[in-house]
Amino acid sequence: MSSKGTLVLGVIGADIHNIGITILASALRASGFNVVSLGILVSQEEFVKAAIETAADAILVSSLCGHGELDCPGLREKCTEAGIGNILLYVGGNVVVGKQDWEPVAGKFAAMGYDRAYPPGATPQRVIEDLTADLSARVEARA
Amino acid sequence: MSSKGTLVLGVIGADIHNIGITILASALRASGFNVVSLGILVSQEEFVKAAIETAADAILVSSLCGHGELDCPGLREKCTEAGIGNILLYVGGNVVVGKQDWEPVAGKFAAMGYDRAYPPGATPQRVIEDLTADLSARVEARA
Amino acid sequence: MTLTNAVPTMARWDEDRFRRIRRGVLANWPTGAEVDLDEAAAYHRAMAVTKNTAWKLRQARTEGKTLVQPRAGVADIEQHIALLRRLRDAGADLLPTTVDSYTRECRYDDAERGLAQSRQAGRSLLNGFPAVNYGVGACRRIAEAVDAPLFARTAAPDCRLTHEIMYAGGYTSCTAGAIVFSLGYAKDYPLARAIESWQYSYRMMGAYHERGVTLSVEHYLPISTLVPQSISMACVILDSLIAAAQGVRDISLGIGQQCHLAQDAAALRAYPALGRHYLDAFGFNDVELSTVMSQWMGGFPSDEGQAFGVICMAAMAGYLGGVTYMISKSPHEAAGVPTTEANVHGLTASKMVLRMLADQKLAPITEIADEQAILEAETRAIVDRALELGDGDAAIGAIRAIEAGVIDVPFSPHRSNANQALPARDWRGAVRLAQFGGVPIPKEIREHHEAELAKRNAGRQPRAPWELLLADVNAISDGMLLPD
Amino acid sequence: MTLTNAVPTMARWDEDRFRRIRRGVLANWPTGAEVDLDEAAAYHRAMAVTKNTAWKLRQARTEGKTLVQPRAGVADIEQHIALLRRLRDAGADLLPTTVDSYTRECRYDDAERGLAQSRQAGRSLLNGFPAVNYGVGACRRIAEAVDAPLFARTAAPDCRLTHEIMYAGGYTSCTAGAIVFSLGYAKDYPLARAIESWQYSYRMMGAYHERGVTLSVEHYLPISTLVPQSISMACVILDSLIAAAQGVRDISLGIGQQCHLAQDAAALRAYPALGRHYLDAFGFNDVELSTVMSQWMGGFPSDEGQAFGVICMAAMAGYLGGVTYMISKSPHEAAGVPTTEANVHGLTASKMVLRMLADQKLAPITEIADEQAILEAETRAIVDRALELGDGDAAIGAIRAIEAGVIDVPFSPHRSNANQALPARDWRGAVRLAQFGGVPIPKEIREHHEAELAKRNAGRQPRAPWELLLADVNAISDGMLLPD
Ligand code: B12
Ligand code: B12
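Going line by line, the protein sequences match chains A, B, C and D.
For the first sequence, position 50 matches number 50 in our numbering, and the numbering has no gaps at all.
For the second sequence, position 24 matches number 24 in our numbering, and the numbering has no gaps at all.
For the third sequence, position 225 matches number 225 in our numbering, and the numbering has no gaps at all.
For the fourth sequence, position 197 matches number 197 in our numbering, and the numbering has no gaps at all.
Just so you know, the hints here were simulated from the structure itself, not pulled from any lab data.
Small disclaimer: the values here were computed from a predicted structure and weren't measured.
Beta carbons: idealized from backbone N, C-alpha and C, even for Gly.
Under 7 Å between C-beta atoms, here's a sample of chain B residues computed to sit facing chain D:
hint	residue
1	67
2	98
3	99
4	121
With beta-carbon atoms standing in for the labels, derived distance ranges:
hint	chain 1	residue 1	chain 2	residue 2	range
5	C	459	D	463	57 to 65 Å
6	D	82	A	138	41 to 49 Å
7	A	81	C	65	53 to 61 Å
8	D	465	B	32	17 to 25 Å
9	C	11	D	369	53 to 61 Å
10	C	448	A	130	42 to 50 Å
11	C	65	A	80	58 to 66 Å
12	D	33	B	74	28 to 36 Å
13	A	77	B	104	49 to 57 Å
14	C	461	D	141	41 to 49 Å
15	C	62	D	322	32 to 40 Å
16	D	33	B	53	39 to 47 Å
17	D	465	C	459	50 to 58 Å
With the rest of the complex left out, here is chain A (with noise of 0.2 Å):
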């Protein structure tokens, strides 16, 4: 494999927030990943058809709005029903409404099957470092 992996990435729901995207794709790109950027405005449909498309190695789903609770629940089964139960799934952004305390609304998300939820602000290296971290445990757990 020529890239550290393929992901697929995009803004869920009737979101619109592109921006955050624009630089994580970027960030990701530079540091190596093979990226699909699905823009704005993703249905949970069109993210599962991506990444059987390009065999992807792990979905990551920006949610601003604020509507994630709404939006995100849900992939995770979609995945398994069409056959990629076992893809990588992050959930990033400001993806409940309001400020909350960080832990309860990371345990939503791990509930909802997101392998890792990010709090506002999240940074383009510690995404990095935790996609690096767990591809690679994934490689070495099939090897």
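With the hints as your guide, set chains B, C and D with the ligands onto chain A.
What follows is chains B, C and D with the ligands alone, placed relative to chain A:
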């Protein structure tokens, strides 16, 4: 009684904040009270002495610097010992250290024997209304 | 909701076309049936004039005052009313109702689900007030519960039903713009359709005007992080021409704060004359103009003290720019929808600075004049080129200008956007263009941009424009204007 | 603690006098025995230079940067250290230790009681850190726990023991001034004694200097609500002459913010040249000068948003005045000693505005020049008259000037203060004198004050100066600069 009453006013303890009492004194005078201002750095003994000498109707203790819990206890007792145990006692300013809920603080000063305690930023109007009410209630009670 | 994909002209719609399309719009959700334009106009006429935005803005302009409007919207109407009342008590001059993201995208069924789940959870899972689901009656309850003009804060390529409901519900102004909202909020919604959808909304406002009710619009490009003010201003002017052509008679020309005092103030000072120039050229002499500034629309610092720094700088810029009104942010901006108290504090901080400065009657700072001359020349160059491309038609011209990259908005999610222009801050933090793409910046000004950017880069490792831009995008949220 | 009541001259004390009085000072509380000047100077010399205030200020002046220092002090030393560390992490450049009111009044037994009760209550009942009760070793623990210069923030006519302990404890600067603190903090403490007590403190700092350690002082008149800046500045300059005469070699000239951008900035800009002029005239060419501004020292608004407005305006004024460092306030100011977080936010808001403005390299606003000319002329008139009254001696002159009402500080609690001068804000919020008393304001400037005040009062019900002053005093805490 030609004036609305005689008031002894001062800043207690090691406290030097004199702008509040300057404003307060001038407002009280303008509304017809006879104000004896002791200025800053006033000890409990000085308050009692001045109240006796001027046959005051009330003592107004200003405490801005936060040492109210250290400087204010005992004044009621000193008044009682000096034979003016019934004198009206008010305290105001920033009477405790830090931004605290007002109810418990008011309770503390009531327990020390202050008839009224004022939260930060009390307006002269309010003090004048209260004094007028409290002093006329006493006159009626005596009548 | 029949909308053509043919290139629309700016020409005023005839009654027939409006009426025909209207049936489809109102049929889109049951509450649409509640709207009766004549009855609604009568409702507005019976309302106290102090609740009319156009009236309030005119008064502010006359008195030279700056008004402040926060953003606010929650799922539950009772809580929403309580929130607006608290904001009003704290000094809000204009009251907002921010509409949730589903409603913006016309996904009223999802909004309904969000509303139900919010009620169940006892807190708002929606990021705004789902006005369409609530309907006209509910909006009027809000209008009757407060004593200030109400603003419908929604934005998308198609807000027709929301406008129908909220204007009939006693609202007197909305955030608006076919071009600005296409470039700021849409991915593949065709520009031509967006213009038609907005022409519908504008025509509706025109219809109110003909019934004696002036409704207002606020035009501004929401994706303003580092978009040169002249590009924003050009979009706003084109949208204003399109609006005026349908009969809109009260327009606020907006920018987003970019935290450079002189440049922000210059944009605000340039706007009235520029706007007047183009509107008059098209014969829209009776359109009233105000200016408006949104406080920093980029990533906010998560530190609440730093957030207040940005908010107070905005107030300063608004004062120096003589802005008519300002949209305030809160110390919670980076985290999420603010609590009522945080929202109030953003408002009161802004008003405090505005009030203290107003009393001082300062002369404009010297740096403003230069920036203003630049912004005027740039904006004229872009708008003139667009009109030229449209053979004198603002609607056609806007579409062709975008397709030609004459209007090119950095970071726009829209597929028609060229993405060739790249901005950067110069050595003093002013926003310049590092790559011009097809944006027709006049030659001397181009050289000025280059020179000022060179001063910033002097003696440093050369960096790719894109790299520089990334650093600049994050600077304010990292607590500074220029990254180290 | 033998202090005469005879009028003191500014002449440098001889070693003998200092040593004789010193025994009494150190004997005043057991911890005094811990102080050994030679050992302490060695301790300072071994300390990292980055912890020295004079060094840090020089660096800031060279780089044209503005530093920020919050206020902070709690009874418990562990909590105090944690507080300072948090403030340092949040960007504080200079670290404060605000000393409690009992310590200021040399009531160490009361401080001991407050300390005990604080421990019992598990929260600080003292409004500051009782440094004398803790002693030299404890202060050094603080100094070793943080990596920035430490400031002893105490103020009273007599701070000698506190200075002995804190300077020996690794602190490198203090708030200071015989005249400013007499007029700001005392009722009947004789001026002559206050000057002698401060001469002692200054001589002590001189003794450190002779041992290779530069200690710094910050001079400012703390009762600054509406005191014309020139009156404050005159006091500060006289105190600086008195300090320099005893061997102090690093002085910060201070003002309190009055929320009028141009006037505040003008005062800060006028200071360096004015200070230099007088210090050089007395031969103190080797004294280094900085400027400092305390954010608004009058009643703060209780609304936290409004408080941030005042704080950010201060940062703006400091920037325009090119101030070396600024003392920040917090959104809790009106309520009480701030929580750590509130304190941090006052600091970060200030720094955010300063940083954003610094990047913009703005030219001074046009209004500054006029105000600066006025303040320079006024300050010179007052200082010159005071020196004349003192036959060239700053100490004698200061006392005589106060007694003659040449220096007259509105609101001063001191019995020697004339209380004949009455200030008021003019039509643009600048502080002027409505009644001049004995303050020797030059004639043309007097007329200027009168004219500007007349503009404010034009067309209004005439109000007594005192009444106007009351309204002005409350204006900022009520959320505006000029009362309606
Ligand atoms: C700019 C902005 C807008 C612009 C967007 C322009 C555009 N086309 O992008 C406009 C004005 C259009 C806009 C509109 C709205 N916005 Co908005 N907006 C912002 C703002 C100010 C900045 C966002 C931004 O660009 N940040 C800069 C980028 C670089 O950072 P970022 O997006 O956080 O992304 C970084 C990380 O989070 C991370 N990341 C992001 N996604 C992901 C995903 C994964 C998997 C990972 C690992 C990491 C990651 O990587 C990025 C790089 O570091 C934020 C508040 C803030 N943060 O200050 C509000 C904010 C996101 N908006 C908000 C809201 C509510 C709206 C509106 C509904 C209403 C409104 N306020 O007007 C509409 C929504 C419209 C819609 N249909 O969605 C709220 C969301 C509330 C909540 N969650 O509680 C916020 C938080 C503001 C607030 N406090 O109220 N907005
Ligand atoms: C100005 C000021 C100073 C000046 C005082 C100058 C002077 N000679 O007066 C200076 C700089 C010298 C000073 C010093 C200190 N101060 Co100071 N100061 C203030 C400040 C900013 C304003 C006070 C003021 O003048 N208000 C305006 C007047 C008109 O209002 P007022 O005083 O509140 O009075 C009104 C009402 O409260 C009421 N009232 C007052 N007293 C009474 C009494 C009665 C009986 C009644 C009915 C009503 C009443 O009537 C007045 C008219 O409306 C306050 C914070 C604030 N409020 O914004 C801090 C404040 C009072 N200071 C404080 C402190 C800690 C100090 C210092 C210890 C340390 C420091 N911060 O530097 C020293 C103390 C020295 C000492 N020995 O006491 C703290 C007290 C903390 C607390 N209680 O938790 C405050 C609250 C600041 C803070 N948030 O930390 N201070």
